[in-house]
Amino acid sequence: MSAAADSFLERAPLELRDWAVQLLPAPLQWISHHLITIVAVLAVFGLFFAFTTVAERKLLGRLQNRLGPNRAGLPKFSILPWHIRHKLFGLSQPFADAVKALTKEDIVPAAADKVLHFLAPVVVVGFSLMTFAVLPFGRNLIPVELDAALLYFFAAGSASELAIFMAGWSSRNKYSLLAAMRALAQLISYELPLILSVVPVVLVASTLSTSAIVQAQGAWTFGVLPHWFVFTPWGFAGFIIFLISALAESNRSPFDLPEAESELVAGHLTEYSGFKYALFFMAEYFGLTALSGLGVTVFLGGWQAPCELLYWVPSYLWFMGKLILMIMLFIWVRGTLLRLRIDQLTRLSWQFLVPLALLNVGNAAFWALTAQWSGPLQLVRWAVSAAIVIVPFLVIGRSLSAGYAPRTYRYAP
Amino acid sequence: MTPLHLCLLISTALFCIGLFGALARSNTILVLLGIELMLNAANINFIAFWRYGPNPAAANGMIFVLFSIAVAAAEAAVGLALIIAVYRHQKNIRLQEATVLKG
Amino acid sequence: MTAALLLIAVLMLGSAAAAMLRRNLIHSALLLVASWTGVAAFYLWAGAEFVAFAQILVYAGAVSMVVLFAVLLTRQSREADLPIEPATVTRTASAFAVAASLAAVIGSAVATARFPAASAEAPAASVKQIGLELMAEHGAALLIVGIVLTVALIGATVIASNDKKRDPEDAP
Numbered sequence: 001m002s003a004a005a006d007s008f009l010e011r012a013p014l015e016l017r018d019w020a021v022q023l024l025p026a027p028l029q030w031i032s033h034h035l036i037t038i039v040a041v042l043a044v045f046g047l048f049f050a051f052t053t054v055a056e057r058k059l060l061g062r063l064q065n066r067l068g069p070n071r072a073g074l075p076k077f078s079i080l081p082w083h084i085r086h087k088l089f090g091l092s093q094p095f096a097d098a099v100k101a102l103t104k105e106d107i108v109p110a111a112a113d114k115v116l117h118f119l120a121p122v123v124v125v126g127f128s129l130m131t132f133a134v135l136p137f138g139r140n141l142i143p144v145e146l147d148a149a150l151l152y153f154f155a156a157g158s159a160s161e162l163a164i165f166m167a168g169w170s171s172r173n174k175y176s177l178l179a180a181m182r183a184l185a186q187l188i189s190y191e192l193p194l195i196l197s198v199v200p201v202v203l204v205a206s207t208l209s210t211s212a213i214v215q216a217q218g219a220w221t222f223g224v225l226p227h228w229f230v231f232t233p234w235g236f237a238g239f240i241i242f243l244i245s246a247l248a249e250s251n252r253s254p255f256d257l258p259e260a261e262s263e264l265v266a267g268h269l270t271e272y273s274g275f276k277y278a279l280f281f282m283a284e285y286f287g288l289t290a291l292s293g294l295g296v297t298v299f300l301g302g303w304q305a306p307c308e309l310l311y312w313v314p315s316y317l318w319f320m321g322k323l324i325l326m327i328m329l330f331i332w333v334r335g336t337l338l339r340l341r342i343d344q345l346t347r348l349s350w351q352f353l354v355p356l357a358l359l360n361v362g363n364a365a366f367w368a369l370t371a372q373w374s375g376p377l378q379l380v381r382w383a384v385s386a387a388i389v390i391v392p393f394l395v396i397g398r399s400l401s402a403g404y405a406p407r408t409y410r411y412a413p
Numbered sequence: 001m002t003p004l005h006l007c008l009l010i011s012t013a014l015f016c017i018g019l020f021g022a023l024a025r026s027n028t029i030l031v032l033l034g035i036e037l038m039l040n041a042a043n044i045n046f047i048a049f050w051r052y053g054p055n056p057a058a059a060n061g062m063i064f065v066l067f068s069i070a071v072a073a074a075e076a077a078v079g080l081a082l083i084i085a086v087y088r089h090q091k092n093i094r095l096q097e098a099t100v101l102k103g
Numbered sequence: 001m002t003a004a005l006l007l008i009a010v011l012m013l014g015s016a017a018a019a020m021l022r023r024n025l026i027h028s029a030l031l032l033v034a035s036w037t038g039v040a041a042f043y044l045w046a047g048a049e050f051v052a053f054a055q056i057l058v059y060a061g062a063v064s065m066v067v068l069f070a071v072l073l074t075r076q077s078r079e080a081d082l083p084i085e086p087a088t089v090t091r092t093a094s095a096f097a098v099a100a101s102l103a104a105v106i107g108s109a110v111a112t113a114r115f116p117a118a119s120a121e122a123p124a125a126s127v128k129q130i131g132l133e134l135m136a137e138h139g140a141a142l143l144i145v146g147i148v149l150t151v152a153l154i155g156a157t158v159i160a161s162n163d164k165k166r167d168p169e170d171a172p
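Protein chains in written order, with my numbering: chain F, 1 to 413; chain D, 1 to 103; chain X, 1 to 172.
If you are wondering where the hints come from, they were derived from the structure by calculation, not from laboratory data. Bear in mind that the values here come from a model prediction, so they are computed numbers and not experimental data. Warning: the hint list may mix true and false statements.
[What the hints assert, rightly or not] Stretch by stretch, here's where chain X covers chain D in the computed footprint (C-beta under 8 Å, at least three residues): (1) 7–15; (2) 20–31; (3) 38–51; (4) 76–86.
Every residue, glycine too, gets a C-beta built ideally from N, C-alpha and C.
Pulled out of the complex, with its shape left as it was, chain F reads as follows (with noise of 0.2 Å):
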């Protein structure tokens, strides 16, 4: 086992920077050993970015019955042979939306608070990037090793609350401010359910650390039962409400009420255009990525191999593939689900999700404390824990829909 650890894919990516680190003066080896680190993150999440966008844009058209964007493919002036000028299936789209929306005209309403309306997007893009700092990528790639760093993770998603109120307010248009406030009701209201479906992990795992959280997932049952935490009971209810809390929070349909263009315009968005558009654009798709990947973090184990078997496969491969799974599952949602109003997504946070994950706080704290138990006994804890999972599911789900009925029509069949 030690020795795939050890195995040469697993530090390559190190040995690479370090590598380039030694070629530079002494002075400069400090500041750019972390620059490399930024760099390289900077440059694989906006690659990802830029594949996430066109992955969805087709796999949404495959949902729909249409192809997607498939005509991009290589500029007419390249220099490349003519059995190479294939389209590509349209994968460089988000390259000639790049070049689009750098060179669109940056409007700025006349009335709208120039500072404001400049900072929304800038800070929003910084902080959802921040957020991948206590990622761990892979067994030996973690940007920052922090002690706290659940709490670093949610400290630095919590400013881009502000800078949709930023946007919202500074645009001088009713619109966006309406919709920013929509949006912190939404964002607020979700919040709490998202930190509160992390806190059993934390409880069980007993740390903040994100590495450690990882590396208590790491054994298997039979050498092919992987022990994530999405395999407990108390770990799978945590991560239904993960998911739908994490898919509000990156204002993704069902959820996506801020920009509901049928109501509000554009929302937040209305009076921006050009690149401070694609800031907000990619700003979204990093929150969603980061989001991602805390719950394969915390839920899916992290980099860890799903059996024994497949141990030698890099750690960063797995990390990779399970945060692509994790997003091709919100594109689906968001091809599938209708969006809801916004009293019933509210309804659905406060008197749902939050109860929900406080019950399963205390299904954690039973977990916790019953860890020494063996044999037949196991068998109980299990039932025990599912059951707390399940009945008030069932009675929180029955008491809120009761009285409703599914709408009939009266002139159409």
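Following the hints, complete the assembly by docking chains D and X onto the known chain F.
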């Protein structure tokens, strides 16, 4: 001048800025925010004395700040709720005009 | 080290002073967020990272939202930028006199005080240690703070809530 002196001077300055705001402004929200600044200045002192005090091994200073942050959050919530309630009665949140106790 | 502290102090005090002097309430609130972030930066500088992140989470994440909502819910004019009436000159002058004299008194007291020499490196306080101390030694205080927070939040909701009956159309 030791770092501890510097920290204490900074917190004094922050406290006095908060006091000035609380005394000079007539808008209730700003008065409340001035008080929040004063609380933050006190927290800076706790951390400074924890860091440079005689017994840094005990985390008492940090724990006191955590409690203080919690109480400050509760204070902000209640204070702003009161401000909204006053505004509903008087359509105004200037301190000079909030002179009646009965709604 | 000291240079970083001075930089943090300039950010923190400058934005706090600007916030107290601005006439636009939203600008004041956002500048105060910058000031609170400066305080968090100070905590980081002093080595209390857990407290720093808690400060950002509570102040920049929660308190600022409550303040901004309150500002928007108590708009006094139809204009969007909410100008506040200027405080009278005497009021400002007397407030400044009080604050400045207090600053002088405390400042001179601090400047002349003698403290025992401190260790050069930051004391290590892991999250685990803080958690254990919170739960063991300060368990009663933690419970009381929890009760205070619950009561305060329920009270705030009751005070701020509108008494009007809910529209039956609001049903899900």
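Now the hints, each set against the structure:
For the stretch 7–15 of chain D, the stated coverage by chain X holds: 8 residues have a C-beta nearer than 8 Å to a C-beta of that chain, and at least 3 were required. Given a C-beta distance limit of less than 8 Å, the hint that chain X covers the stretch 20–31 of chain D holds, as 9 residues qualify and 3 suffice. Coverage of the stretch 38–51 of chain D by chain X holds. Counting CB-CB distances below 8 Å, 7 residues qualify, and the rule asks for three or more. Proximity of the stretch 76–86 of chain D to chain X, defined as three or more residues with a beta carbon under 8 Å from a beta carbon of that chain, is established by the 9 residues found.
Checked against the numbered hints given earlier, this structure breaks none of them.
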